[in-house]
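The listed protein sequences correspond, in order, to chains E, P, S and C.
Taken in order, the first sequence gives residues 15 to 385; the numbers are from my numbering.
Taken in order, the second sequence gives residues 15 to 385; the numbers are from my numbering.
Taken in order, the third sequence gives residues 15 to 385; the numbers are from my numbering.
Taken in order, the fourth sequence gives residues 15 to 385; the numbers are from my numbering.
A couple of the hints might just be wrong.
Note: identical chains are not told apart, hence a pair may lie in one copy or across any two.
[Claimed, not checked] Straight line, CA to CA, 20 Å or less: simulated SDA-like cross-link-like pairs of lysine to any residue:
| id | residue 1 | residue 2 |
| --- | --- | --- |
| 1 | Lys72 | Pro62 |
| 2 | Lys216 | Ser275 |
| 3 | Lys216 | Val50 |
| 4 | Lys216 | His271 |
| 5 | Lys216 | Glu206 |
| 6 | Lys384 | Arg128 |
| 7 | Lys384 | Gly129 |
| 8 | Lys216 | Val283 |
| 9 | Lys216 | Gln276 |
| 10 | Lys216 | Arg273 |
| 11 | Lys216 | Met272 |
| 12 | Lys105 | Gly85 |
These are computed hints drawn from the structure, not numbers from a lab.
Remember, predicted model here, so these are calculated numbers, not experimental data.
There are 4 protein chains.
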Amino acid sequence: MNAFGRRLRIQLFGESHGPGVGAVLDGVPPGLPIEVARIQADLDARRPGTSALVSQRKEEDRVRILSGTFGGHATGAPLALWIENQDADSKPYEATRHLPRPGHADWTSHAWSRGFADPRGGGHASGRLTAPLVAAGAVAQRILDAHGIAVGAHLHEVAGVGGPPHAHDAATMAARAARSPLRTAHAESEAEFTRTIEEARKSQDSVGGVIEFAADGLPVGLGDPLFDSVESLLAHLLFAIPAVKGVDFGAGFAATHMRGSQHNDPFDVRDGRVVQRTNNAGGILGGRTTGTTLRGRVAVKPTSTLPGRVQETVDLETMAATPLRETGRHDPCIAIRAVPAVQAAVRLVLADLVLQGYQDGILDVPDWRKA
Amino acid sequence: MNAFGRRLRIQLFGESHGPGVGAVLDGVPPGLPIEVARIQADLDARRPGTSALVSQRKEEDRVRILSGTFGGHATGAPLALWIENQDADSKPYEATRHLPRPGHADWTSHAWSRGFADPRGGGHASGRLTAPLVAAGAVAQRILDAHGIAVGAHLHEVAGVGGPPHAHDAATMAARAARSPLRTAHAESEAEFTRTIEEARKSQDSVGGVIEFAADGLPVGLGDPLFDSVESLLAHLLFAIPAVKGVDFGAGFAATHMRGSQHNDPFDVRDGRVVQRTNNAGGILGGRTTGTTLRGRVAVKPTSTLPGRVQETVDLETMAATPLRETGRHDPCIAIRAVPAVQAAVRLVLADLVLQGYQDGILDVPDWRKA
Amino acid sequence: MNAFGRRLRIQLFGESHGPGVGAVLDGVPPGLPIEVARIQADLDARRPGTSALVSQRKEEDRVRILSGTFGGHATGAPLALWIENQDADSKPYEATRHLPRPGHADWTSHAWSRGFADPRGGGHASGRLTAPLVAAGAVAQRILDAHGIAVGAHLHEVAGVGGPPHAHDAATMAARAARSPLRTAHAESEAEFTRTIEEARKSQDSVGGVIEFAADGLPVGLGDPLFDSVESLLAHLLFAIPAVKGVDFGAGFAATHMRGSQHNDPFDVRDGRVVQRTNNAGGILGGRTTGTTLRGRVAVKPTSTLPGRVQETVDLETMAATPLRETGRHDPCIAIRAVPAVQAAVRLVLADLVLQGYQDGILDVPDWRKA
Amino acid sequence: MNAFGRRLRIQLFGESHGPGVGAVLDGVPPGLPIEVARIQADLDARRPGTSALVSQRKEEDRVRILSGTFGGHATGAPLALWIENQDADSKPYEATRHLPRPGHADWTSHAWSRGFADPRGGGHASGRLTAPLVAAGAVAQRILDAHGIAVGAHLHEVAGVGGPPHAHDAATMAARAARSPLRTAHAESEAEFTRTIEEARKSQDSVGGVIEFAADGLPVGLGDPLFDSVESLLAHLLFAIPAVKGVDFGAGFAATHMRGSQHNDPFDVRDGRVVQRTNNAGGILGGRTTGTTLRGRVAVKPTSTLPGRVQETVDLETMAATPLRETGRHDPCIAIRAVPAVQAAVRLVLADLVLQGYQDGILDVPDWRKA
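The task is simple: from the sequences and hints, build the whole structure.
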């Protein structure tokens, strides 16, 4: 199944090479302003074909709202978003239909479905499903806007090299990533990232990367301990993004090298409110937000498709080992295009938690007319 | 809320210093053998007070089955497990009731609940809730047993130092960890781990660690792409364990340093079946199991409680900065006692997926009489 | 929110006067044959404009499959169904936008949404949402087909008068209802039903009705006691159909007039299997199917819209009592067009339970190639 | 599975003849006053052994709170309730272990579980599970109290005879039912109800009944159209109560005899607010509350157990038709003791919807200190 969220629930549908991809977002507060242009702007940031460093598939990714709005506002009914596929080129997949691509979902989809999965471009397991995720994230951000919550994500490392960690607040991160063709807020790293990716592409190879995300403006107390911890909810959605293989929060894996006396964030008082002097916890304690910046990292593996390069696979019809040379259009560093998806995932989880905040009396329901 | 699982659903309840802790496990297949001794054995592995390296709280952690079994088998009705608290010492918490401990849930629980949270020992957010998690995991393992699925977890690194990665299969990992007071399968690292932890304890400090987990014997095709990916489900439950701040799968964060040509696991044929020659994916492709060993890592932060050491906090009544010196009994490396919780989390997710496997026709429902 | 089902999950979206109505059906088994013509045939049975006794709104109700199929089979990915609105006439609603229609959702939708609901034709609360429900029901029936499970529904009573109860098995009920413009299996009642409805229509009024449903071919043991009882699940979905105000099973409300000695269905043995000699329980004991025919009734209120007749309402802008005369196109006995929706609801619940039956080992997963 | 509720979620566990029965209630707002005495009072109203008209099983039904409270208030953590079985007499069931009782869950539980179900007194499918339901309902009522929402239920008809419908507001209904050994608010019917039940008991038989329920003080707009309609949610939980075979709302089945012009409730203005002059809709339009009294009926079948009377069943070991004479202690009109369960079910659904009301801005989160 492919739905997520308790109060703001997203149901994805669609395939890479079918009629299109879409999402139903249920639980949107009635009155929330819904501007197609804002959703489109976020989709444009994720769109392929925008630079030499990303896939040359030409998709306009025009979003159409099928339901759930009236007069520019959400009605509170399920909001359906639909993006038609335009440049789906299924030809490369015909010859290789029985040849699962290494690193891709082909083999497991085939096995699970007993051969009934859509074999073209990964079918429903394609990274193309992040398009409706991003569109839904734009709607979620409208909820966050009413509370001054900013969410950013950017490309922090490429092939193990990157800028300083935790260098940007969420708004700066988001703004810089939006401007950067590499979706990085480390302007100083752009040239090196470009060089590394270009070099990989030329050698018919690909590179991985690390995405940082941050959120500012959160109240204290969103989330729950244990199964509904903010970490659990965020990680659940972040690992849903194809190619993500690791997630951590705050100091994360580096925390395992620290002593408790270094890692514990001391409490202090500022302007009559409890604050933390450091933020090794990444803005989450006991599963709930601390009001400090929420921070985390996402590990994105190198793109599995390596156009031109021969890889080893098995013909599922003949069960013979077979070389495979892919010719489709692909991204030499898929982490670039995963940035908007990471941002969208964080937005969706936080917007869900904001709705819980209304229920719990942590936040007041805004007058959406003024939002 | 604190329930998780779609087909095998666990609802946790209880507090560190209340009458006890428990779990209701719903969706247990009727006929599954339920032996109290096996559940108890797993609880014993997690129990405090067993060595100088862990908390000296003396809890017998005797599990009582309140419902859901008859004649030694599950009936299919909700199975309730109950563990009474015996050595809850609330006195240290009385004087410090208004002083949130750095690194703990106290502050966010207080804020969320407007002061109504149970302040003693973290209340419901306590690591003590991993006791019923471990008990439920023992039941889940009985489902996995019927399919020859083994799940292991062990302490892989302490304070950044450890054994070679991916060195053990799941059964070996589980067996060695069960024997080791440090819950590590790296016998060669035990002495150093002990030294590091002892030294931290003596300096009123604590250290973090990395836990590895593995599962063998899985069929191809458990899980779903995107929101119900095996990574998403596992990460959700793993991040529910207190002190966990990072999770990755297969090569994980290290994958971001690799090229696609190194990272992609080539397919091959062995005994007429598709296999993968390497396992950088950690046994998951497109969100579904590949049949290869499922592998991942969990980052556990250094224990937040530092007995004897002065930490800085805020008195929530007076709103004045205040030093805090804790005197409770605690673990200098909580990662040791998190090992059984990690194992339990993996078991619960995999058992849920096995039930999905029955629904999907990937696995046959066993005759539990013979299981 | 508007999603239902644990294993086969339907998410509805759309509005009466927006671009269209749709459903995402998640959990469809990969391999299930999906024929657009069969879905369309069911939609045609529900379609308005087919006789003088139903609404004259002209909707072709052409279903389009947006995702989830490949080569005529379900892929196992979410299956999205879309039906464009063609003859939505919003004009009658413009003048009366602030006048909630008695018996309709207008007033409560307005209050809940603080005026942001789509006021045209009930918006998302419209009976038009039963179109995608019926389409999804056709897919669910394909699952039931593989097990020889037939589901029928028909118009049993109009305005308190009808044929004998429990007179038809499910297949006969379905076949006769499909042929009858009144969707009744009581051929002998058609003339009287027609007369009653015609008379109501001429006097600018409407009548209610009772729908019977039945399902044959069920195995013993689908469902669960208490919260997931077959009665609970069916009633949940049946009461989701607009205008439904009562549901009972087997003898139902009449059981309250019976003695236990009359009502209890005696067990007997036939062909080596346990059977029941009577069926007052309606095929459900302890929340689970008995293998006997599942039987129940649905009370449908008289249509709320009474074209031409003056009704009393309140202008929500001026807060003054105001007469309202509706002029839209409507059904004098909405129970007729609710018949396919009732059938679809039963199909969806039973198909979900069949998937549970696979998980529980009650039923074997079919080879869908042969289904 | 046996859990229900989206925001206030109840998980039941336990068996009729096991150690006890319990519930975990998750989502209770932190700060809600929790008084054991109030929960106990509600349990006492449901308890067997209180008059000659109900079962003579002697259960004190003392509730114990295992978790989720501190200092007399809910902490917001899962609240576990536990009621030990004291007078479970399993002897009558030993001899008849293989003889499913007509009208009971025995046969379907046996079939579903392949013989692993607890055969004693219905196991988990027993009406005894309504004890924790009632206890949870008492907690839910504390939420409703803060908003002046009253919920009543009472025995309206016995064996087809009863008082006038809709004669009592919710508070009167609840108060009178609490005082009446028959749990009826129709004081004038008590003598006849008693006579009818006594007569049935003497002839080794039982009778059915109809329970009415009502809720006052609701705001406009709780619930959702379609799948989360108030009718759907209430019916789901009401049909979970053993022996319930029918549910309707407002005019309900009688609405099918009415014309639209009679049935539609005209809107009017009173004190500047929209009201309805009649209440045929039972306080629900378009799935949402209208602010008018919520009203419905529940059909309860005659008790299946008929002590002393020979009934026909099948020996599941020998598969031979076999007479069965039960000797356990039972209620000649189980509808009496179902009254508190109906009240509890309505309370739980409404409390869940009140929490949604906080999220939707329909209701303000109270200061529980003053509640």
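So which of the earlier hints does this model not fit?
-> 3, 8
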